[in-house]
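Peer 1: Kindly produce the complete structure, drawing on both the sequences and the hints.
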Amino acid sequence: MSSELAARFHDAIENQEPRLRTLAAQGRRILGYFCTYTPVELIHASGFVPVRVMGGVRTLTKADTLAPSFLCPYMRAALDKALSGEYGFLSGIVQGYTCDAACGAVRIWERNIPGEIYHTIALPYCDSPSSRRFLLSEIDALTVKLRAIGGTFSEQSLADAIELYGKIRRLILKLYQIRYDERLSIQASDFLAIIQAGFMTPPEDYLRMLEDSAPITGPSVASERGGTRVLVSGSLVEDPKILDLIEESGGLIVADDLCTGIRNFEPVSGFGLDPIQRLIDRYMNRAPCPCRSRVSDRAPFIEHLLERSGAQGVIFLFQKYCTPHLADHPSLVEHFKAKEIPSIAVEMEETGVNEGQLRTRLEAFFEMLR
Amino acid sequence: MYFVGIDVGSLSTETVILDHAGAVVSYHISSTGANSRTAGEKSFAAALASGGIAQSEVNFTVATGYGRVSIPFADKTVTEITCHARGAVHLFPATQTIIDVGGQDSKVISVSQDGKVADFSMNDKCAAGTGRFLEVMARALEIGLDRMGPLSMRSTRDISISSMCTVFAESEVISLVARATPKEDILNAIHQSICNRLAPLMDAVGIRMEVTMTGGVAKNTGIVEKIREKVGGRINVPEEPQIVGALGAALIARDMSAHAQ
Chain C
199 MSSELAARFH DAIENQEPRL RTLAAQGRRI LGYFCTYTPV ELIHASGFVP
249 VRVMGGVRTL TKADTLAPSF LCPYMRAALD KALSGEYGFL SGIVQGYTCD
299 AACGAVRIWE RNIPGEIYHT IALPYCDSPS SRRFLLSEID ALTVKLRAIG
349 GTFSEQSLAD AIELYGKIRR LILKLYQIRY DERLSIQASD FLAIIQAGFM
399 TPPEDYLRML EDSAPITGPS VASERGGTRV LVSGSLVEDP KILDLIEESG
449 GLIVADDLCT GIRNFEPVSG FGLDPIQRLI DRYMNRAPCP CRSRVSDRAP
499 FIEHLLERSG AQGVIFLFQK YCTPHLADHP SLVEHFKAKE IPSIAVEMEE
549 TGVNEGQLRT RLEAFFEMLR
Chain S
7 MYFVGIDVGS LSTETVILDH AGAVVSYHIS STGANSRTAG EKSFAAALAS
57 GGIAQSEVNF TVATGYGRVS IPFADKTVTE ITCHARGAVH LFPATQTIID
107 VGGQDSKVIS VSQDGKVADF SMNDKCAAGT GRFLEVMARA LEIGLDRMGP
157 LSMRSTRDIS ISSMCTVFAE SEVISLVARA TPKEDILNAI HQSICNRLAP
207 LMDAVGIRME VTMTGGVAKN TGIVEKIREK VGGRINVPEE PQIVGALGAA
257 LIARDMSAHA Q
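First to last, the sequence lines map onto chains C and S. Residue numbering for the first sequence follows our numbering, starting at 199 and increasing by one per position. Residue numbering for the second sequence follows our numbering, starting at 7 and increasing by one per position.
Each hint can be trusted.
Using C-beta positions, here's what the derived DEER-type ranges look like:
| # | chain 1 | residue 1 | chain 2 | residue 2 | range |
| --- | --- | --- | --- | --- | --- |
| 1 | C | L334 | S | V173 | 52 to 58 Å |
| 2 | S | S166 | C | P312 | 50 to 56 Å |
| 3 | C | K372 | S | F174 | 52 to 58 Å |
| 4 | S | M215 | C | D209 | 55 to 61 Å |
| 5 | C | G286 | S | V173 | 36 to 42 Å |
| 6 | S | S166 | C | R305 | 37 to 43 Å |
| 7 | S | G239 | C | T549 | 40 to 46 Å |
| 8 | C | E532 | S | A264 | 34 to 40 Å |
| 9 | C | K372 | S | S36 | 54 to 60 Å |
| 10 | S | F174 | C | E532 | 31 to 37 Å |
Distance condition first, Cα-Cα at most 20 Å in a straight line; then the derived EDC-like pairs of lysine to aspartate or glutamate:
| # | chain 1 | residue 1 | chain 2 | residue 2 |
| --- | --- | --- | --- | --- |
| 11 | C | K518 | S | D130 |
| 12 | C | K537 | S | D125 |
| 13 | C | K279 | C | E547 |
Derived from the structure by calculation, the hints contain no laboratory data. Backbone N, C-alpha and C fix where the C-beta goes; we use that ideal spot for every residue, glycine too.
Peer 2: Structure below.
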């Protein structure tokens, strides 16, 4: 079943460029980010609109000379878009330190795409009082930089931003609960569209879109789809076709461990006496990502999602050359094999996937699970 | 009542017809060519004719192979991974691992005690180390596919082909020919390179004895010998390895028909 429910979210994705250009022309300043570890609350509290930079499926025409083929398709396609002028509405990039490719890409953008600010915020790897002090100093440094280009940060604006993003995350997590219980009436590619629309829509507008979507956030429609329940794990999934292929081949995606998925939304917010402490607490306790966490943290997280959703297997979706995810893969496979949880890995490129061969692999995987 | 399996592969199409007791009544192998549907229809018609069977006597048909979706008269489609496992276990009941090297892909399949697919690994994207690779090399060396195996067994010197890519490997072979390297040594190296290409798939799934090899490439005794050395034990090779996928499909057709009744 497609997607009347998701139509407005698809529309937000398809028309993001003209909408954000209009917004920029009206004086709103927009900052891009690559990774969900970027504290978007801080960017918003400083008066900017945070927009997640996406790459999409495309044939590269400009990025090849600057981004060698061993960079992930996401970074290559995003740079190609920027070099083609499709991110002309951005005033710069603020990026949480995650993988080397993303951090290197910030520097490539800085040298080649005009902007007012290019900044990478360093994030601690473990939680301790000194790590929290370090993150505080990083937040202060970013605030100062944003002020220098007209940012208007205050404790109150941060408190408001935390509340705004908290509301959004709660609504999305409600959808996840409905999905775990197999009561979500939309297919996985539409679910992805709902999430992706949030990356490129001002959060106030996005919250309204979610709140207005009564059939999604209200009583849910019983699922009419069949299929073997699976969880998808990886980094970015930008091409909805891969999710459609999984569901057309006999799967039903009931959970994800993606950074275009649950990794964005957990936890909803943090604890602390003031907004800055709450912000720090959230970013010290994020859902585990292979750039920031050990396999020993990730495996139980994924296992919990498998249990909650009743998924019978895992489909790893890799961006080609994504070293953090590929490095975790052998250990995760071993871990899940020991628990008799089957898995399969699919590699994605910027030009899409080899559909015929992939259908055979996916169908065989589901035949095996039945 | 008869049960039909049609395997529309990238290079060849096979049809197997079974009777109610599961015995092979007829089979047919032909080239797929440019149209999967036509290839399937022709193969089906030829197998019916060869067995003296009317289409109305066919109870259930399962299509497999990459062209499985283009067979309009199939009652069901099943992937070649499941079909090869079914066919191999039927022929050699103690099979625990299947190595299938077909026209454009290769797979290693592990089966559980009850004969079901427990795990599998498949080459992705590149057709190096498959039947197509062998065809290109046979052409470069101007010898028939059927002579490659026996000739390679006469090799006296180990040389290696470093390129994984079919196109680059072909130019490497042409350079060896230009240097008057004996064909049997080149063939030995080609077979070794196919075995090297299969090694990561074998490692990913794990080899458990007995091993059965299926697919057209299993007709090449040189490659079977290389794989035997790699796994360190006997390899079962069916009399006609090319029809194992279609045989599995026909057996599944028979099972499905029984379930449906």
